[in-house]
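The chain contents come next:
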Amino acid sequence: MQVQFLSPVPPPPPEPQEEDGDVSMVDGESVGINPVTPGQAIATDTQGHGTYLEGSTVHSSVAGMIDRVNKLISVRPLKTRYNAEIGDIVVGRITEVAQSRWKVDVNGRQDAVLMLSSVNLPGGVQRRKSESDQLQMRTFFSEGDLLVGEVQSFYADGATALQTRTLKYCKLRNGTFTCVPPALVQRCKSHFHTLPCGVDVILGLNGYIWVSKTTEKLPKGVEGRAAEEVEAEMAYSNKNEPITDHERETIARVSNCIAALARRFMYINDSIIVYAYEASLGFAVSDLLQLQVIRAITQEASAKAAMS
Amino acid sequence: MPAPLISPSERDYITKSVQANLRADGRTRLDYRQIVLETGLISQTSGSARCRLGEGTDVLVGVKVEIGQVDIDSAGNRGKVVCNVECSPSASQQFEGRGADELNNELTQALERVLNGAQGGLNLEKLCIIQGQQCWVVYIDAIILDSAGNLLDAIFIATRAALFNTRVPKTIVQDLGDGQFEFELLDDVESAERIEGWDHVPIGITLNKIGSRYIIDATPLEELCTEAKLVVAVNRKGHLCGLQKSADGGIEPSLLTEMVQTAKSLGQSLIKQLDDQLEREEIDFNARRARGEHVEKLGFFAA
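Respectively, the protein sequence lines represent chains A and B.
full-length UniProt numbering puts the first residue of the first sequence at 1, with every later residue one more than the last.
full-length UniProt numbering puts the first residue of the second sequence at 1, with every later residue one more than the last.
These are computed hints drawn from the structure, not numbers from a lab.
Honestly, I wouldn't trust all of these hints.
With a straight-line Cα cutoff of 20 angstroms, these simulated DMTMM-like cross-link-like pairs (lysine to aspartate or glutamate) come out [claimed, not checked]:
| hint | chain 1 | residue 1 | chain 2 | residue 2 |
| --- | --- | --- | --- | --- |
| 1 | B | K272 | B | D31 |
| 2 | B | K16 | A | D245 |
| 3 | A | K189 | A | E85 |
| 4 | B | K16 | A | E249 |
| 5 | A | K103 | A | E85 |
| 6 | B | K16 | A | E241 |
| 7 | A | K79 | B | D188 |
| 8 | B | K80 | B | E193 |
| 9 | B | K170 | B | D188 |
| 10 | B | K297 | B | E281 |
| 11 | B | K237 | B | D188 |
| 12 | B | K126 | B | E55 |
| 13 | B | K237 | B | E258 |
| 14 | B | K16 | A | E247 |
| 15 | A | K239 | A | D200 |
| 16 | A | K239 | B | D12 |
| 17 | B | K229 | B | E252 |
| 18 | A | K79 | B | E55 |
| 19 | B | K272 | B | D199 |
| 20 | B | K80 | B | E96 |
Since we're looking at a predicted model, the values are computed, not measured.
Full structure from sequences and hints, please.
In C-alpha cells form, the structure reads like this:
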C-alpha cells in the first residue's frame, strides 16, 4: 500500500510585474495579456459579460482575460463552463435518449443536442432516417456513451446542436477519459492527434479529453461489403480491442501528464503533451500524481516549449 | 463533476485495468491518492480538520462540544455524539436540490453507527458532567466541498483528525447536598483536554469490488464500475469495528475474508501514518509559536 499525508502548502508568491503595465514582449512582438481579478476596475466603457458597473466605472466580476470589442468591454473567465463555437470539436457523453435526438453532456451550461438526422448510420451514408432507426436509437448511442462530434449550430435558447456526419466522429473506446478546464485546451488545426508514444489523443475544446490506444486503419471491406459500411458499423462498437499492459501504462502516463498540465493551469496542445510525456519518463506512472513531480515535469515541458 | 454515467467500453477498460493491477491513473489496486490534511482551521469550533484526496475530494469536518441533557433512556451517565454529513451542491451537479439527501443520510448513518457504538472509541462516560442531568454533546459536522470519489474514507480521516484537534473545557462539579449538583466551566484554554479515547476512534476503509478483484480509494468512474462495496471500520489496534456492504453485487466468502484482512492491515497503517502527520503538524505548530512567530492556518488559502 502506498499512502502519503501532506500538509497544505501556501500559494506561490505573485511574480513581480513589470513597471510599464501588463504588456509583455515575446519574440519582438507585443502580446497583450490582461488578466483581471474580481472587483478590479477596468475602464469607463460600455459593460459586457463578466463585469459590473459601480458609479461610472466598469469592474470585473470574474477572474479572467479582458475582451474588448470597440467600446464594449467584457471579461472572459478562466474557469467557466464551455461556450461552444460553430466548428468546435467536442467530446461528449450521452445523458438522455429522446424523440429522434440525443442529449449530450458537453460541459456547457445546458446539454447539447445530437439529432438522429445528423449522425451517420450504417448502411448507406445518404439514406433517409426511417422510423425503425428511431426505435433502435439506443443501438447507436445509449446513455453514458462517449462520442466525439462537431458543433453544428445553435438553437434559439442557446443550446448547441452537434453533428457526427463524418467517419472521424464516432463513439469512443479503447481508452480513458480526462476532464480539464475548457479554457486550457488550445484551439488548433486538428484536435485528433496520434502521439509518437503510440497513443491517440482527442482534445475536445470543451475540456473533455479522450486518451486511447492507437487504432490501426480499420479493416478493408470484408466479403464484398464496402469498407465504408464496415467502418460505419465499427463507429458504434462498444467492444474494446485487446490492450496490452504496456499500452495501458502509456495511456495512464499520457492522461496523468494532461492532468498535471491542467493542475498547473498550462495550456494543452499536442506538442506540450509530448514534452510533458518525455519529461515524465524518469518517473513511475503513479508518481505523476504527486505534487513535486507535477511541478518538475510541467516546468521541464514549458521550458522545452519555450525553446522550440 | 460530469453526470454519473459511464460507457460500456470505459467499464470494460477499468475492469481490465483493475485485473492488470494498473488503474487508469497509474495507481495499483491498493494505492491511496495523496492526502492533504490540515487541522484547526475553523476558529469557532472545538476542533476541525480538512482532508483532501488527490485532486478532487475535499471534506471539511468541524467538531463542536456543547452542554446538553443526558439521554433518559440510557444509564444516565453517558455523553453523546451527533453526526451530520452534508454534501454541498457546489461539489457536484447531482447534489443540487434534493439530489444529495439520500447520500447525506447514508454517510451520516455510516459515521454515526461507528462513532456512537461500543466500538466507537470515545469514552462517552467521561463526557457526562452530572449523572442523569447534564453531559457534553459532541456534534460532528462534515461538509463535502468537492467530490471525486471515496467520500467516506475522507470523512473518517477528517473526523479522526478533527477529534485529535478537539479540546473540551474542564468542568468543576460542586456537591450542594441533598442530590443537588452544580458545575462550573473553566475558561482557561490551556486546561482544556482532548476527549478521552480519541485515539481509539476507528477509520473506515472502502473496498470496491470490480471484476474479481477489489480496489481502495476509487475515483468516480471506478465507483460507477463497482459491483459491490464494503466499508470496513478499523481502529488503531487493527480491531474490526464495523462492516457495511452496499451496492447490489455479491462478494464470495473467500474474497470477503481476504478483503476484511486487507482492510485491517491497511487501516492500521493508515491510522499510524495519520497520527504521525497530526503529531508532526502539532509539534511544528508549537515550535513555531514558542519561537514567537505568528502562525496562521492556511485553510482555504492553500494552493
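Against the structure, the hints come out as follows:
{"no.": "1", "hint": "K272/B <-> D31/B", "verdict": "holds, 16 angstroms"}
{"no.": "2", "hint": "K16/B <-> D245/A", "verdict": "holds, 10 angstroms"}
{"no.": "3", "hint": "K189/A <-> E85/A", "verdict": "holds, 15 angstroms"}
{"no.": "4", "hint": "K16/B <-> E249/A", "verdict": "holds, 13 angstroms"}
{"no.": "5", "hint": "K103/A <-> E85/A", "verdict": "holds, 18 angstroms"}
{"no.": "6", "hint": "K16/B <-> E241/A", "verdict": "holds, 12 angstroms"}
{"no.": "7", "hint": "K79/A <-> D188/B", "verdict": "violated, 46 angstroms"}
{"no.": "8", "hint": "K80/B <-> E193/B", "verdict": "holds, 17 angstroms"}
{"no.": "9", "hint": "K170/B <-> D188/B", "verdict": "holds, 8 angstroms"}
{"no.": "10", "hint": "K297/B <-> E281/B", "verdict": "holds, 11 angstroms"}
{"no.": "11", "hint": "K237/B <-> D188/B", "verdict": "violated, 34 angstroms"}
{"no.": "12", "hint": "K126/B <-> E55/B", "verdict": "violated, 39 angstroms"}
{"no.": "13", "hint": "K237/B <-> E258/B", "verdict": "holds, 18 angstroms"}
{"no.": "14", "hint": "K16/B <-> E247/A", "verdict": "holds, 13 angstroms"}
{"no.": "15", "hint": "K239/A <-> D200/A", "verdict": "holds, 17 angstroms"}
{"no.": "16", "hint": "K239/A <-> D12/B", "verdict": "holds, 8 angstroms"}
{"no.": "17", "hint": "K229/B <-> E252/B", "verdict": "holds, 13 angstroms"}
{"no.": "18", "hint": "K79/A <-> E55/B", "verdict": "holds, 16 angstroms"}
{"no.": "19", "hint": "K272/B <-> D199/B", "verdict": "holds, 10 angstroms"}
{"no.": "20", "hint": "K80/B <-> E96/B", "verdict": "violated, 31 angstroms"}
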